[in-house]
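Chemist: One-letter residues, chain by chain:
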Amino acid sequence: MIDLNRIGALVAERREGHCLPQGLYNGAEAFEFDMTAIYGRSWIMIGFECELPKPGSYLSEMIGTWPILIVRGRDGEIRAFHNSCRHRGSILCQPGSGTAPKIVCPYHRWTYDLDGSLFAAMRMGEDFDKAEHGLRQLHLRQVSGALFVCFAEEPPAFDDFAEKLEVYLGPQRMENAKLAHHSVISESANWKLVMENGRECYHCAIGHPELARTFPVGVKKHFDADGDDRLLAFLNTMTEHDLASEAIEGSWWQLARFALNPDVVTLSMTGQHVVGKLMCDHNDGYVGSMRLAIDPHCFMHATADHVFIFSAMPVSPTETHVFGKWYVHKDAVEGVDYDVESLIELWTRTNLQDKELAENNQRGVNSPGFVPGPYSAEAESLALRFTDWYCDTAQAYLAHVA
Amino acid sequence: MIDLNRIGALVAERREGHCLPQGLYNGAEAFEFDMTAIYGRSWIMIGFECELPKPGSYLSEMIGTWPILIVRGRDGEIRAFHNSCRHRGSILCQPGSGTAPKIVCPYHRWTYDLDGSLFAAMRMGEDFDKAEHGLRQLHLRQVSGALFVCFAEEPPAFDDFAEKLEVYLGPQRMENAKLAHHSVISESANWKLVMENGRECYHCAIGHPELARTFPVGVKKHFDADGDDRLLAFLNTMTEHDLASEAIEGSWWQLARFALNPDVVTLSMTGQHVVGKLMCDHNDGYVGSMRLAIDPHCFMHATADHVFIFSAMPVSPTETHVFGKWYVHKDAVEGVDYDVESLIELWTRTNLQDKELAENNQRGVNSPGFVPGPYSAEAESLALRFTDWYCDTAQAYLAHVA
Amino acid sequence: MIDLNRIGALVAERREGHCLPQGLYNGAEAFEFDMTAIYGRSWIMIGFECELPKPGSYLSEMIGTWPILIVRGRDGEIRAFHNSCRHRGSILCQPGSGTAPKIVCPYHRWTYDLDGSLFAAMRMGEDFDKAEHGLRQLHLRQVSGALFVCFAEEPPAFDDFAEKLEVYLGPQRMENAKLAHHSVISESANWKLVMENGRECYHCAIGHPELARTFPVGVKKHFDADGDDRLLAFLNTMTEHDLASEAIEGSWWQLARFALNPDVVTLSMTGQHVVGKLMCDHNDGYVGSMRLAIDPHCFMHATADHVFIFSAMPVSPTETHVFGKWYVHKDAVEGVDYDVESLIELWTRTNLQDKELAENNQRGVNSPGFVPGPYSAEAESLALRFTDWYCDTAQAYLAHVA
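Residue numbers (the numbering used here), protein chains in the order written: chain A, 1 to 402; chain H, 1 to 402; chain W, 1 to 402.
Hint data in this document are derived by calculation from the structure and do not stem from the laboratory. Check each hint, because a few of them may be wrong.
Any copy, or any two copies together, can satisfy a pair, since identical chains are not distinguished.
Dumping the calculated DSS-like pairs for lysine-lysine here, alpha-carbon to alpha-carbon at most 27 Å [as the list claims (entries may be wrong)]:
id	residue 1	residue 2
1	K54	K355
2	K355	K164
3	K220	K130
4	K220	K330
5	K164	K130
6	K355	K102
7	K178	K164
8	K355	K277
9	K330	K178
10	K130	K330
11	K178	K220
12	K220	K54
13	K130	K102
14	K54	K178
Remember, it's a predicted structure, so these values are computed and weren't measured experimentally.
With the rest of the complex left out, here is chain A (with noise of 0.2 Å):
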């Protein structure tokens, strides 16, 4: 049970420009509060429509700890339900992919059509009405291939957010892609934590030394070029091949494609290619980083070889699971185009390293000498501007319950 008021002090206790206070780090009401008041009315994004190539084709998918599914109907089109039975509210699908003519329940066989309405239930009686037992559904929406979905009943605004990311993302033509790998890491640190690491690059230099020779990872504020020559040079070369790279935002989004390190084309451990054919051939691949951000959950980088999605979920007070997933070209053959060891390495050695760091983190957070520091205006802007997105929307959802 969350009480609002300790919940709507310590938001009202954060200092501007300083990280949270600890009880938003690690209590239990702030986690509850947290899946209802952020998860539960944000939009999350869960990875692309080719993971969902045919009619029955489904993801199941935790989000924090809830479950939904996600799934292709026999007319093409994909919707997003709550994993939970209709009737005694057992899960449908075990988490992870798989293809199914119909939705059956593994534990009374309920069984629902693939737009979600109950199609049989066994012994239930004359007076039992299968037009009121349908899957329940989720919002979810569809941007160049990129999937969204939001458990609201009234999810915040969308359409600018798709129109923006239309023409960044375009050109990565993700209609061409496939899912190569996934993986899951468990951390034993809050998700704002996580989430705060994944949001700056201030710690990059020394705690990242694979991923700082590709990343720019002195950048300053918000991805932009900021008078330096080679990055101006950069965006007007990107402009030529129409591909748009200005740094822009709304309120819980992110977009921009910035410049790599010098003699890099993408984000890898050698910053060559680690996929022989290319997503985006645009200036034969020289493309920099096409960088999504969402707020609460997730960071996507799209090289001109391959994308990689970054998405954070709470499982406790101090438990997070981050999710990768690394897309190829369809026609990119394992074992002769790409290997999977290669593509992930780089990714997977830094969400380690970012893992040992969140931990250390936390325990240091729990501290009751723990006074909440200021960012970096320079180097931290964009893990402020988490937390101050974390504070308005939290601020928010107070007033609206009030």
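For chain A, the structure is supplied; the task is to place chains H and W on it using the hints.
Modeler: Chains H and W in isolation, oriented as in the chain A frame:
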């Protein structure tokens, strides 16, 4: 600390004919409430007298998170105690069974007689009154060899049940039984989901292919013949052999003897007796199964050759221990008249299948999209009866403390 | 969130001469309260200066769930800090010990001088005031080489204790000591059950056969001679050799030197010295044991050849970490003058026996039938003293915040 108003609101929210609201299936408060209001005030079936063959025999059991001790005294009487020393509270006997001339606390050697009175406590001084420090006793009742305990100061009425049970269970001659095997399975599901699962066979035809060979999984309602000729003939035969069969019930118990599938004489993998020496040899061992169900935690099946008890014990809001006990005729010799593996295989497989079903159920019940659905009147009447009993008992407790 | 009224009610409910009410032994609120009101406001013994041999030496320790850092500065002074970076709160040093020229946060390389002042923080901008972001210091006191810290702004009075400890501990010459071994045991029991166990030897004769060979397990009351000729003779001899022996105490500490069993010179498996080089060679090393006890968490035994410290740290309502440290003369050479196995065997066995006793205690205390029982005035006076101190300290805190 339980907020009884919140529990009361959840119980009140429950819709007739439907399973329970989410908060009763995964809340920390509901768990605490259930220990106090349900397990703390109901009759709990422990096992049989044969497990305490002589003076000094004891059983140390966990009722949820609560340790109890059942001891046969020097006078032959069986008594139940809190398994907690009156000095500093240590448990006296580790969970399991054994024999001891006296009950000696492993901590400071306070020594109790088998009737629970304090026999000796070293170095406690002149003022110490041993008479005030005997073990605290629980209510215990014995019927046809079966043992029932209750924590409540004023237990639910028992006599009518005792009278009926004697009629149904007597012919099993449990005074000639011995415990052949016991087991425990840990399930990541609320105890009520475990019990609802155990109270219906709507899921059995598909979920339990082995059980379905012998058990009438298509049974309607309350183990009654419902006009079926074979079943009616079975009931007549049982009556001829002085075996009570009618399905009867009290508020917290049910009794029935029902026909197994055609050509089947017991609940085993093959449908054939798995113990050479029969416990109940009426009608040459063609006696179906005598079923006893006790709310909140237990069901029992007594066939001609063996008896199986299932008992669900809450451990946390979403964790339950399922204890199984198998009894055979005391003169049956292991390796000659039976082997343990054949004896236990059917229920072991069935329980492990149910564990998976209950855990899937819990995962889906945690969904914010979970809506309690309707039971099948035909196929889940006993699951409905269980949740109805749960709500009635909860409300009675709430009224009692108000 | 602690409801102090509920804690106050539990403390008020406690019956004189008896152990504590159940809720103080297994409640989540009581755990939180104990960290804040007990560990957060008491002097905690950490170890000895010899563990910080030179400038830059540090100890990183957990006080319950709270990380602290103890550092010897360039000026030779030892200081204690919260182990939490003033930037985003990461711990600075992993639990353990080491040496560093400066304290560098592993996250963003904020760098602190050994006196805790912030030396450098990259990219923090013009407005950033380093002077405001030094490490937060804890109270630290040193007595005869022993280190004590306190989280409270206004710690309990210390000077009287310091003066007495110097007299009792001085002859052990801890300035010549070194840490020979340290260990940690995780016990599934509330820290107060662990401490009560460590404050009485009522259970030792049976529970600790090895300890009972050397330790006077039948000792009455407060380590005083109580008219026993041998013990009186021991005290006289100690006085002749300028070793303080009388059992004395303050509100939160006790000091005494007491005779070991006949023909025994140290607390070891054999009763013979396990370190060739003595720390205290008065009376040829026949000096009994100098015992120090500190509430809430610690006891120490200093024999002629080595020193053992026991320290209990709460981790959850029913989990406690027991830290052990063994010290020997710094010139004692491992493998020549002592071997670690012989040094640690007695207390390691004893602590593991106590772990089992404390865990049994917890299991039984969880029983709804648990009633706090009376301590033996003769054999458990120090356990009673501990729970009395606990209740007094709890009540003082409740009065303080009221």
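Chemist: Taking the hints in turn, state whether each one holds.
Modeler: Comparing the hints with the structure gives:
{"no.": "1", "hint": "K54 x K355", "verdict": "neither (36 Å within a copy, 33 Å between copies)"}
{"no.": "2", "hint": "K355 x K164", "verdict": "neither (32 Å within a copy, 48 Å between copies)"}
{"no.": "3", "hint": "K220 x K130", "verdict": "between (57 Å within a copy, 21 Å between copies)"}
{"no.": "4", "hint": "K220 x K330", "verdict": "neither (35 Å within a copy, 53 Å between copies)"}
{"no.": "5", "hint": "K164 x K130", "verdict": "neither (41 Å within a copy, 41 Å between copies)"}
{"no.": "6", "hint": "K355 x K102", "verdict": "between (39 Å within a copy, 25 Å between copies)"}
{"no.": "7", "hint": "K178 x K164", "verdict": "within (23 Å within a copy, 66 Å between copies)"}
{"no.": "8", "hint": "K355 x K277", "verdict": "neither (32 Å within a copy, 46 Å between copies)"}
{"no.": "9", "hint": "K330 x K178", "verdict": "within (5 Å within a copy, 64 Å between copies)"}
{"no.": "10", "hint": "K130 x K330", "verdict": "neither (40 Å within a copy, 53 Å between copies)"}
{"no.": "11", "hint": "K178 x K220", "verdict": "neither (33 Å within a copy, 49 Å between copies)"}
{"no.": "12", "hint": "K220 x K54", "verdict": "neither (43 Å within a copy, 40 Å between copies)"}
{"no.": "13", "hint": "K130 x K102", "verdict": "within (15 Å within a copy, 63 Å between copies)"}
{"no.": "14", "hint": "K54 x K178", "verdict": "within (13 Å within a copy, 59 Å between copies)"}
Comparing the model with each earlier hint shows violations of hints 1, 2, 4, 5, 8, 10, 11, 12; every other hint is respected.
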